[in-house]
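J.: Each protein sequence line maps, in turn, to chains A and Z. Just so it is clear: in the first sequence, position 142 is 141 by numbering that gives the first Met the number 0, and no numbers are missing. Just so it is clear: in the second sequence, position 292 is 291 by numbering that gives the first Met the number 0, and no numbers are missing.
Worth flagging that the hints you see were computed from the coordinates, not collected in a lab. Here the structure is a predicted model, which is why all the values come from computation and not from measurement. Be careful, since some hints might not be right.
As the list claims (entries may be wrong) - Listed next, the in silico DSS-like pairs over lysine-lysine satisfying Cα-Cα at most 30 Å (straight line):
1) A:247 x A:364
2) Z:458 x Z:143
3) A:247 x Z:346
4) Z:159 x Z:143
5) Z:143 x Z:56
6) Z:346 x A:364
7) A:303 x A:364
8) Z:167 x A:364
9) A:364 x Z:458
10) Z:458 x Z:346
11) Z:44 x Z:143
12) Z:167 x Z:198
13) Z:43 x Z:56
14) A:303 x Z:143
15) Z:56 x Z:44
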Amino acid sequence: MTGESSNGRFAAGLDRLPGSAETAALRAAALEAFSATGFPTRRNEQWRYTDLAPLSSADLDFAPQPPAEELISRVAAMLDEAGFDPAAPRLVFIDGGYCETLSQTGAAAGLSIASLASCGAADVPARTHAALDGHPLATLNAALVSDGAVIAVDDGAEAPEPIELIFVAGGQSDLAAHPRIMIDLGRDAELTLVQHVLDLEAASGWFNVVTEIVQAPGSTLTLYRLQDHGKLRFHTALLRAELAEDAKLACGWFDLGGQLVRNDFDIRLEGSGAEADLYGIFLASSGQHTDNHIRMDHIAPRTKSGEAFRGIIGESGHGVFNGKVVVHRDAQHIDARQSSDNLLLADNAEIDTKPELEIYADDVKCSHGATIGEIDEEQLFYLRARGLDEDEARDLLTFAFANAVLERVELPELRERIADRVAVHLADGEAAGEHP
Amino acid sequence: MATQQKEITDLVKRKYEHGFVTDIEQEFVPPGLDEDVIRLISQKKGEPEFLTEWRLKAYRHWLTMTEPEWAHVRYEPIDYQSISYYAAPKSQENAPKSLDEVDPKLLETYDKLGIPLHERARLAGVAVDAVFDSVSVATTFKEKLAEAGVIFCSFSDAVKSHPELVRKYLGTVVPYRDNFFAALNSATFSDGSFVYVPKGVRCPMELSTYFRINAANTGQFERTLIVADEGSHVSYLEGCTAPMRDENQLHAAVVELVALEGAEIKYSTVQNWYPGDENGVGGIYNFVTKRGECRGANSKISWTQVETGSAITWKYPSCVLRGENSVGEFYSVAVANNYQQADTGTKMLHIGANTRSTIISKGISAGHGQNAYRGLVRVLPTARDARNYTQCDSLLLGDKCGAHTFPYIESRQRSARVEHEATTSKISEDQLFYCRQRGLSEEDAVNMIVNGFCREVFKELPMEFAVEAQNLMNVTLEGAVG
Numbered sequence: 000m001t002g003e004s005s006n007g008r009f010a011a012g013l014d015r016l017p018g019s020a021e022t023a024a025l026r027a028a029a030l031e032a033f034s035a036t037g038f039p040t041r042r043n044e045q046w047r048y049t050d051l052a053p054l055s056s057a058d059l060d061f062a063p064q065p066p067a068e069e070l071i072s073r074v075a076a077m078l079d080e081a082g083f084d085p086a087a088p089r090l091v092f093i094d095g096g097y098c099e100t101l102s103q104t105g106a107a108a109g110l111s112i113a114s115l116a117s118c119g120a121a122d123v124p125a126r127t128h129a130a131l132d133g134h135p136l137a138t139l140n141a142a143l144v145s146d147g148a149v150i151a152v153d154d155g156a157e158a159p160e161p162i163e164l165i166f167v168a169g170g171q172s173d174l175a176a177h178p179r180i181m182i183d184l185g186r187d188a189e190l191t192l193v194q195h196v197l198d199l200e201a202a203s204g205w206f207n208v209v210t211e212i213v214q215a216p217g218s219t220l221t222l223y224r225l226q227d228h229g230k231l232r233f234h235t236a237l238l239r240a241e242l243a244e245d246a247k248l249a250c251g252w253f254d255l256g257g258q259l260v261r262n263d264f265d266i267r268l269e270g271s272g273a274e275a276d277l278y279g280i281f282l283a284s285s286g287q288h289t290d291n292h293i294r295m296d297h298i299a300p301r302t303k304s305g306e307a308f309r310g311i312i313g314e315s316g317h318g319v320f321n322g323k324v325v326v327h328r329d330a331q332h333i334d335a336r337q338s339s340d341n342l343l344l345a346d347n348a349e350i351d352t353k354p355e356l357e358i359y360a361d362d363v364k365c366s367h368g369a370t371i372g373e374i375d376e377e378q379l380f381y382l383r384a385r386g387l388d389e390d391e392a393r394d395l396l397t398f399a400f401a402n403a404v405l406e407r408v409e410l411p412e413l414r415e416r417i418a419d420r421v422a423v424h425l426a427d428g429e430a431a432g433e434h435p
Numbered sequence: 000m001a002t003q004q005k006e007i008t009d010l011v012k013r014k015y016e017h018g019f020v021t022d023i024e025q026e027f028v029p030p031g032l033d034e035d036v037i038r039l040i041s042q043k044k045g046e047p048e049f050l051t052e053w054r055l056k057a058y059r060h061w062l063t064m065t066e067p068e069w070a071h072v073r074y075e076p077i078d079y080q081s082i083s084y085y086a087a088p089k090s091q092e093n094a095p096k097s098l099d100e101v102d103p104k105l106l107e108t109y110d111k112l113g114i115p116l117h118e119r120a121r122l123a124g125v126a127v128d129a130v131f132d133s134v135s136v137a138t139t140f141k142e143k144l145a146e147a148g149v150i151f152c153s154f155s156d157a158v159k160s161h162p163e164l165v166r167k168y169l170g171t172v173v174p175y176r177d178n179f180f181a182a183l184n185s186a187t188f189s190d191g192s193f194v195y196v197p198k199g200v201r202c203p204m205e206l207s208t209y210f211r212i213n214a215a216n217t218g219q220f221e222r223t224l225i226v227a228d229e230g231s232h233v234s235y236l237e238g239c240t241a242p243m244r245d246e247n248q249l250h251a252a253v254v255e256l257v258a259l260e261g262a263e264i265k266y267s268t269v270q271n272w273y274p275g276d277e278n279g280v281g282g283i284y285n286f287v288t289k290r291g292e293c294r295g296a297n298s299k300i301s302w303t304q305v306e307t308g309s310a311i312t313w314k315y316p317s318c319v320l321r322g323e324n325s326v327g328e329f330y331s332v333a334v335a336n337n338y339q340q341a342d343t344g345t346k347m348l349h350i351g352a353n354t355r356s357t358i359i360s361k362g363i364s365a366g367h368g369q370n371a372y373r374g375l376v377r378v379l380p381t382a383r384d385a386r387n388y389t390q391c392d393s394l395l396l397g398d399k400c401g402a403h404t405f406p407y408i409e410s411r412q413r414s415a416r417v418e419h420e421a422t423t424s425k426i427s428e429d430q431l432f433y434c435r436q437r438g439l440s441e442e443d444a445v446n447m448i449v450n451g452f453c454r455e456v457f458k459e460l461p462m463e464f465a466v467e468a469q470n471l472m473n474v475t476l477e478g479a480v481g
């Protein structure tokens, strides 16, 4: 697609988005920056394995309307049924717009939770537009963002319980939502955040979220995300984090749904002693495509990072992992570990993995490992010998493969929820395909 | 620490031992490249029509291509019109029949390099097809090989004496369209080696070629083609040195290997071209395309390389595993010191069922050197039960160098098993302390540890090369402990 036609296509939505004249100018500038490159193609090394053609050619509405009462009550019913606690501190978004009725911002000392729109939309694209160079989809987010979440924890404060961010797609087809999440942690602050992404019913559309995290020295952030879209949706996400001295970030990422999913992580360990730990599971079957793309910059000495992703790829699924660790010059005493383990469950499944290291300092311990294979015949035999039938044995081994990552989720309820959903998706994938 | 610093300084100041230029008359084609130059090269070499046409097709395709930029290396743009694409020693006009007829200055060159051609050949039982610049000047042990039916000659000779074999296999593994440098080579290649091992023959000796770039401004564009017919076996050795020059010299070789059913080819390289001086001035640009195809079932191709030279190395010896049960191997040690840059690795393409590949890559970075491993393992849906094991380790000596790993792993066959592991570290204080405590000098300790680090690769080298490689490593990395 040429820049010109995409520009025209988005410009139509631009008029309907909120904000002052100043904001409108920022949006226009971001859109121009996006139009200069357009959607990245597979000729771009960063997009080698992920083809955005279905997304760039889709006819989408880029300025969703606020949800109607009827839709809100349906979403409320769905959340109740799915066992979400309405009393827990949470922000609920429908089609990218904040839904106050279903949200519970509460009030804890030193903690502020608000929707982006309520903070004044004028600030929205201005804040970090320039910092998102090299991420065309994030630039587009800067142009089209309408709402999102702003969460801040003051120095020394600790959020008493996990905060939930729930993004629901309302069932209307071909909507494109561009939410932005901003998280600021003060000195020694602590926060746990759980992000749920789900569809009210299977419908096509695009969810393009940008998360920006700034962590002051000594702060601790634990993030979980369960992406459980229907299998028609495009999901693209950029998470950018800057960590000061001794700040700690942990991300547990679980991608189960979506037609085309691309997660970009851009983590910058800027202060000595900072640590980032990324882990996750992704499932892809029935034509699903899931791509996890990580760039981990060790800028300061004595920083530490871990990346551990497991992919389970079924019938006509395509999984991608690209992890890149960059150790900058003079960033000594680095510890970086990367692993990408993948299970191929069907004949026409595909996995592409690219664990990269770029190292410019010498006192480092960096390692990566990657494995691709099917379920081990010996393990299967072991279980069969103990009386399990072939299907049971395969299911058990597949689940065990995922469970090694699941065990790292520290919230028992969430762990159980993810485990249940993983089991459901695996059964779905199996029903779609067949094994010998 | 002070002695360490001194050792590092000594190391940095170590001059390239093989840096000298032999002054003999050269016959040049004027710098520049167009269709006339290509016709002239082809005509000078008395090539048949098909080859001239092939060169021209390659040239026309090259014109449509752009120079690749994806490698993790930096260099000034190359002016392809300032290179002279053909240089032959004058004495070649009256081709020498034996070593006695060879220009004494040439032989002197080899002596300086420590390759007393005849003696070494006789002692080691190695046939040497020495390439001086672009034209073969001496070939030995022809008769013994002829007895076994093995054809081992310069590429130009092969074109004259076995045009049907050249025509059948040339460009079938690395087509002229393959990449920018392969296209350039296909258009302009001057000479190289040709090997054909007939059915069921085990080549009676290891075949060896010493390459050498001599005249300034003449990029060398060798073309090597090795065909191992059904059930045959051949081991080929390639070694390189180059004289000192301030201008960068381009070297864009192509090596093609074809292994038919049950055949085995072992290709070993020690590359020690001029890497430039301690400030990164000069040195060879080594942009090489090496690829082997296991065309038949149960065939095997094994690449072993020790890369210590060149300012820039851009080289990915690869295996196309087409035949069932075929095996590909890649063993590599790459060193980047001073301002050297190496972007090297391999591609393993699994097409046939039950194909297996092993990749062992050891990268050593020192000084301001940048060393990258770039590898591709691709398993196609047809490669049932394919197996790959990859290990790439990097050793960092000094805090100004870089070590990078760019592995691409793609699998579309569920019964395939692919494993990749990589580590990056420096020599630990503990290891050094342990050795020092047992009476080893720091230098010996480092040598021992580095050689241990490279052992898995060195043990794959033929004996003469293993010794040379180990000495090379010891000298190159003396005292470079961070």
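J.: Confirm or reject each hint.
T.: Now for the hints, and whether the structure bears them out:
no., hint, in the structure
1, A:247 x A:364, "holds (19 Å)"
2, Z:458 x Z:143, "holds (28 Å)"
3, A:247 x Z:346, "violated (38 Å)"
4, Z:159 x Z:143, "holds (21 Å)"
5, Z:143 x Z:56, "violated (38 Å)"
6, Z:346 x A:364, "holds (26 Å)"
7, A:303 x A:364, "holds (10 Å)"
8, Z:167 x A:364, "violated (50 Å)"
9, A:364 x Z:458, "holds (27 Å)"
10, Z:458 x Z:346, "holds (22 Å)"
11, Z:44 x Z:143, "holds (27 Å)"
12, Z:167 x Z:198, "holds (16 Å)"
13, Z:43 x Z:56, "holds (19 Å)"
14, A:303 x Z:143, "violated (61 Å)"
15, Z:56 x Z:44, "holds (18 Å)"
Comparing the model with each numbered hint stated earlier shows that hints 3, 5, 8 and 14 do not hold.
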